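Peer 1: Here the protein sequences line up with chains H and Y, keeping their order.
With the working numbering applied, the first sequence has no gaps in its numbers, which climb one by one up to 740 at the end.
With the working numbering applied, the second sequence has no gaps in its numbers, which climb one by one up to 678 at the end.
FYI, nobody ran anything at the bench for these hints, they're computed from the structure.
Fair warning: this is a prediction, and the values are worked out from it, not measured in the lab.
Backbone N, C-alpha and C define an ideal beta-carbon position, used for all residues, glycine too.
Among these hints, one or two may not hold up.
[Said to hold, decoys possible] Short, incomplete list of chain H residues facing chain Y, as computed with Cβ under 10 angstroms:
{"no.": "1", "residue": "S319"}
{"no.": "2", "residue": "C400"}
{"no.": "3", "residue": "E427"}
{"no.": "4", "residue": "A488"}
{"no.": "5", "residue": "A492"}
{"no.": "6", "residue": "S494"}
{"no.": "7", "residue": "G495"}
{"no.": "8", "residue": "F578"}
{"no.": "9", "residue": "H607"}
{"no.": "10", "residue": "F654"}
{"no.": "11", "residue": "A679"}
{"no.": "12", "residue": "D715"}
[To be verified] As a list, the in silico SDA-like pairs of lysine to any residue whose alpha-carbon atoms are at most 20 angstroms apart:
{"no.": "13", "chain 1": "Y", "residue 1": "K398", "chain 2": "Y", "residue 2": "R422"}
{"no.": "14", "chain 1": "Y", "residue 1": "K530", "chain 2": "Y", "residue 2": "S429"}
{"no.": "15", "chain 1": "Y", "residue 1": "K530", "chain 2": "Y", "residue 2": "L543"}
{"no.": "16", "chain 1": "Y", "residue 1": "K530", "chain 2": "Y", "residue 2": "T596"}
{"no.": "17", "chain 1": "Y", "residue 1": "K398", "chain 2": "H", "residue 2": "W720"}
{"no.": "18", "chain 1": "Y", "residue 1": "K398", "chain 2": "H", "residue 2": "H607"}
{"no.": "19", "chain 1": "Y", "residue 1": "K530", "chain 2": "Y", "residue 2": "H506"}
{"no.": "20", "chain 1": "Y", "residue 1": "K530", "chain 2": "Y", "residue 2": "P574"}
{"no.": "21", "chain 1": "Y", "residue 1": "K398", "chain 2": "H", "residue 2": "L728"}
{"no.": "22", "chain 1": "Y", "residue 1": "K398", "chain 2": "H", "residue 2": "R725"}
{"no.": "23", "chain 1": "Y", "residue 1": "K530", "chain 2": "Y", "residue 2": "A504"}
{"no.": "24", "chain 1": "Y", "residue 1": "K530", "chain 2": "Y", "residue 2": "E548"}
{"no.": "25", "chain 1": "Y", "residue 1": "K530", "chain 2": "Y", "residue 2": "G545"}
{"no.": "26", "chain 1": "Y", "residue 1": "K398", "chain 2": "Y", "residue 2": "L438"}
{"no.": "27", "chain 1": "Y", "residue 1": "K530", "chain 2": "H", "residue 2": "E634"}
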Amino acid sequence: MRAAGSGLTERGLVLGRLIGRALPGRRLAGRALVVLVGAFLFGAAIVAAARAAQEDPFPHEGHAGLFPVCAGCHAGVASGDSVTAYPSPDLCARCHDGVQEEEVEWRAPVRPPSNVTFDHSEHALSLAETGDPVQSCESCHSDSSGGRMNVDATEELGTCWSCHAHETPGHFDLGSRCESCHVPLAESRFDRDRIAALPHPATHDDPRFLAEEHGREVPGYADRCATCHTAERCLTCHVDGTLIEIAALPRAPSGMELPETTAEYPAPASHEDEGWLDAHRLQVPVRECSTCHTQDDCRSCHVGIVPTFVEALPRASESLAPGAQLVTRAPESHESSFFLDAHSVLASADGQSCATCHVESYCVDCHDGPPDGGYHPASFVARHAADAFGRTDECATCHSTEVFCRACHLESGFGARGRLGSGYHDAEPVWLLRHGQAARQNLETCASCHAQRDCVQCHGVLGSFSVSPHSRDFDAAAAWAQSPRTCLACHVSNPIGEAP
Amino acid sequence: MSASRGGGPRFAGFLVICLVGAALEPFAAGRADLAAQSVRGWVGSTLQMVELRPVAMLAAGCLPDQPCYDALSEERSFSATQDLSLTAWGFGLEGVSATVLLRGRARLGSDLVWPRTDDRFDAILAYGQLVRDRFTVRAGRQEIRSGLGFSSFDGASVAWYGGTAQFRAEAYGGRSLARGLREPDREALRAVEDFVPDKEVLVWGGSARARLRGLSITTRYQREILSDRSGLASERGALDLSLATPTGRLIGAIDYDFARGTAGKGRLGWSMPLADGQWLVEATASRYVPYFSLSTIWGFFEPVAYHEIEGRVGWSPSATLAVTFGGGWRKYGDTGTATVFRPLTGHGERARLGARWDVVSRVTVDAGYDLEWGPGGFLSAADVSARTALNERLSVTATATTFQQIEQYRLGDGRGLGGGLSFDAELTDRILTSGGASLLRHTGGQTTVQDSPWNQSRAWWSLRVLVGEDPGLANRRRR
């Protein structure tokens with residue numbers, strides 16, 4: 241021990257006695273050595289950490305003679321007792337009382353937040369087992385240019401690696417077991433800026449890492465992820481917080497401020513496949529959908545019955561993440577102004593596509609809709625004759641010609657009530673002689689005013705003229721075989737057997 | 200269907216729908232969490248008023264170049280429609296659901312019987328369904344939407360899906376319902392026909408679909424027979440395809456009447472966007488021939504088909520303007536009839552010019568002009584509408600129309616001028632309403648009808664309340 245002065249020497253003796261009482265006795269010299277060295281190591285680490293966070297005002301070098309061993313002031317280091325890891329300020333006041341020495345104001349430094357799992361007591365025990373005399377406080381905590389009390393407060397990876405070899409070439413390599421040396425971020429007490437400044441592996445810069453790969457890595461490396469992330473980082477994007485991979489990461493403790501992060505939803509390669517939309521249900525497990533999609537996404541397209549497995553997905557209102565937020569958009573075919581004309585063919589060719597976005601009642605809205613002026617223009621009733629005759633739209637798609645049309649025509653005074661005359665047909669006296677061509681050209685129009693019996697009056701075998709409505713190519717035998725009842729509407733018996 | 204006027208309305212079916220609907224509407228409006236109970240749908244009420252002037256033949260009968268009809272005094276039709284559309288699932292078995300679309304109708308003191316308003320109750324859809332990854336089974340009242348038309352049946356259907364949904368096969372069968380109606384033929388026709396089939400019609404059929412890359416192709420076969428197997432009502436097949444290519448889309452459809460041994464309707468169209476979608480060129484060849492069930496005599500009268508070629512061009516120089524122009528020419532088949540006097544024309548032409556312009560951010564103008572002539576008449580009509588969105592939830596539309604119509608060998612030519620106002624509003628996210636009124640003033644061009652017979656007034660109002668989770672497109676009004 242080197243004395244800096246007589247006063248100090250005396251105080252050093254007093255302190256030495258105090259330390260002597262604090263020691264467990266003289267039973268085992270080896271144990272004392274372990275504790276001593278361990279305590280020294282811990283004390284040095286504490287001091288080093290304090291320097292990193294704030295300038296340590298304590299002049300170790302100047303007190304070297306007064307405090308011969310580290311454990312004299314840092315007795316709690318080896319035992320893990322934070323109270324005695326630093327001396328009390330009262331201890332300073334014993335000398336710095338304003339008489340012997342000027343008064344000083346010293347407080348034990350606050351250890352800055354760290355996510356390193358270094359434990360001095362474990363090292364002390366390890367040292368006791370190995371008996372390595374090289375291990376001492378100074379072996380880690382000393383300034384190479386100074387003496388023993390010239391404490392280096394920095395924590396450098398090299399200090400650890402001088403003994404602990406990394407299992408992978410790079411610090412961030414996938415095989416690294418981060419949890420060996422680091423506590424999870426949730427236990428680090430890092431502030432927002434410190435968290436934001438955490439370095440990240442180069443793999444994270446690959447776009448595929450976010451879209452696909454990290455999901456495959458998490459199951460085997462959750463502890464590794466937890467070094468820099470809390471579950472909240474996952475929940476920034478993942479809509480399903482119940483995934484076991486996410487649950488494996490600790491949540492940030494109350495009061496921990498996390499850097500703001502933005503949800504990103506890069507489309508996986510599978511979504512680019514042709515036919516993905518057609519068969520996505522069969523191509524991936526539903527649980528994979530819950531990475532980005534909520535029930536609401538499914539329902540934005542599947543407006544019909546939503547399968548039960550969709551209900552296994554979270555709702556948007558239940559999720560912290562915004563989700564991919566799919567928006568229903570009409571297919572390109574719908575944007576054509578000709579779509580209405582063509583939609584029947586498209587629906588017939590591939591009705592299942594329609595059913596993705598439209599429930600059946602949507603079709604009924606037009607094809608048998610309530611009379612709310614929806615489909616036809618307002619003046620349609622007055623001018624529908626030309627449309628009906630030219631068949632721009634096929635009326636029978638929605639209306640029963642015989643029932644719907646004729647009922648209205650009867651109400652309006654235009655429907656035939658069994659009387660055949662020329663009145664409606666331009667008051668043309670010879671209309672009956674001309675009507676055959678019109679009838680063949682558009683029989684639906686005839687049926688919208690006339691009942692079958694109107695025609696049978698003349699065309700039936702018992703009618704006024706017995707005019708055959710059939711063409712020369714009419715296959716009477718086939719007609720009789722197919723629907724004899726209909727034949728009998730005009731014929732009194734099997735027409736095949738009738739006399740010509 | 201009853202054609203009688205002034206009969207006391209039978210409200211039974213209508214009341215059922217109204218009561219259920221009325222009970223659900225406030226509940227649905229206030230309880231968004233119905234979705235959690237796996238129920239989705241809507242409840243809709245519609246009121247309509249139509250005022251027009253029926254015509255009646257003059258006592259003196261018809262003389263050449265003289266009026267033979269007179270326009271009667273104005274009569275009105277007031278009607279109410281109540282819809283209830285619900286789909287429910289989550290009955291404890293995955294994939295099981297039930298769907299109903301029920302409609303009640305009532306005449307409200309009408310002079311006129313507006314079509315179908317005396318049909319008090321319709322179950323438009325009512326089926327249960329089981330969906331699995333590879334198949335779907337459905338039983339109840341359901342619809343067939345195919346190349347053979349849009350119709351319904353009461354029965355069962357099974358669909359199977361193969362591959363990654365590229366293949367689909369379906370089989371179905373049951374009691375056939377008349378097209379455009381949800382009733383068996385014999386019941387539907389009884390109100391307007393003396394001669395109706397005395398047996399119900401049974402339907403069965405199947406379809407197969409393949410979807411490979413851009414090609415979707417579906418074939419269908421369907422047969423309808425009388426329930427006692429004493430006759431055939433129809434036997435038809437259809438082929439529909441859609442092919443999307445990098446340069447455009449091809450659609451094709453044809454149906455065939457096996458009973459008559461003739462081709463039915465057909466369509467072959469090619470649409471091609473050009474100049475990054477600024478232009479859309481479409482050419483279509485089509486064929487139309489009416490289809491009649493063999494249960495009626497109409498099919499045995501052998502209507503002929505017309506064939507038509509159409510060309511259309513769409514031009515959209517910006518996101519706010521789209522102009523379309525198209526025209527078609529059609530020719531009817533040989534009717535084989537001997538027309539002594541003035542044979543009717545056997546071809547027709549039509550053209551249309553349309554434009555849509557978003558004048559400013561919330562104002563859209565639609566305009567169109569139609570010209571058509573051929574057998575049956577001549578039509579020259581122009582329509583224009585302006586829609587403005589007053590805010591996110593309310594829009595108002597004004598329309599104007601004018602037309603000239605000359606009907607060949609039929610009563611009812613003249614000129615019309617009309618206009619109207621309508622609105623669409625979303626009162627809340629779950630309550631939609633729309634309404635409007637229109638007037639049409641008509642002047643006769645010929646002398647077959649005294650006075651002006653076609654003056655019409657029309658007004659409507661509808662309310663639709665969404666039940667359960669908003670299914671997005673499903674229940675939005677068409678704009």
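Peer 1: Each hint should be assessed against the structure and marked as holding or not.
Peer 2: To see whether the hints hold, each was checked on the structure:
no. : hint             : result
1   : S319             : 57 angstroms, violated
2   : C400             : 54 angstroms, violated
3   : E427             : 39 angstroms, violated
4   : A488             : 29 angstroms, violated
5   : A492             : 31 angstroms, violated
6   : S494             : 31 angstroms, violated
7   : G495             : 35 angstroms, violated
8   : F578             : 5 angstroms, holds
9   : H607             : 5 angstroms, holds
10  : F654             : 7 angstroms, holds
11  : A679             : 7 angstroms, holds
12  : D715             : 7 angstroms, holds
13  : Y:K398 to Y:R422 : 16 angstroms, holds
14  : Y:K530 to Y:S429 : 38 angstroms, violated
15  : Y:K530 to Y:L543 : 12 angstroms, holds
16  : Y:K530 to Y:T596 : 38 angstroms, violated
17  : Y:K398 to H:W720 : 17 angstroms, holds
18  : Y:K398 to H:H607 : 27 angstroms, violated
19  : Y:K530 to Y:H506 : 5 angstroms, holds
20  : Y:K530 to Y:P574 : 10 angstroms, holds
21  : Y:K398 to H:L728 : 15 angstroms, holds
22  : Y:K398 to H:R725 : 10 angstroms, holds
23  : Y:K530 to Y:A504 : 8 angstroms, holds
24  : Y:K530 to Y:E548 : 9 angstroms, holds
25  : Y:K530 to Y:G545 : 6 angstroms, holds
26  : Y:K398 to Y:L438 : 30 angstroms, violated
27  : Y:K530 to H:E634 : 17 angstroms, holds
Violated hints, listed in ascending order, are 1, 2, 3, 4, 5, 6, 7, 14, 16, 18, 26; each of the other numbered hints is respected by the structure.
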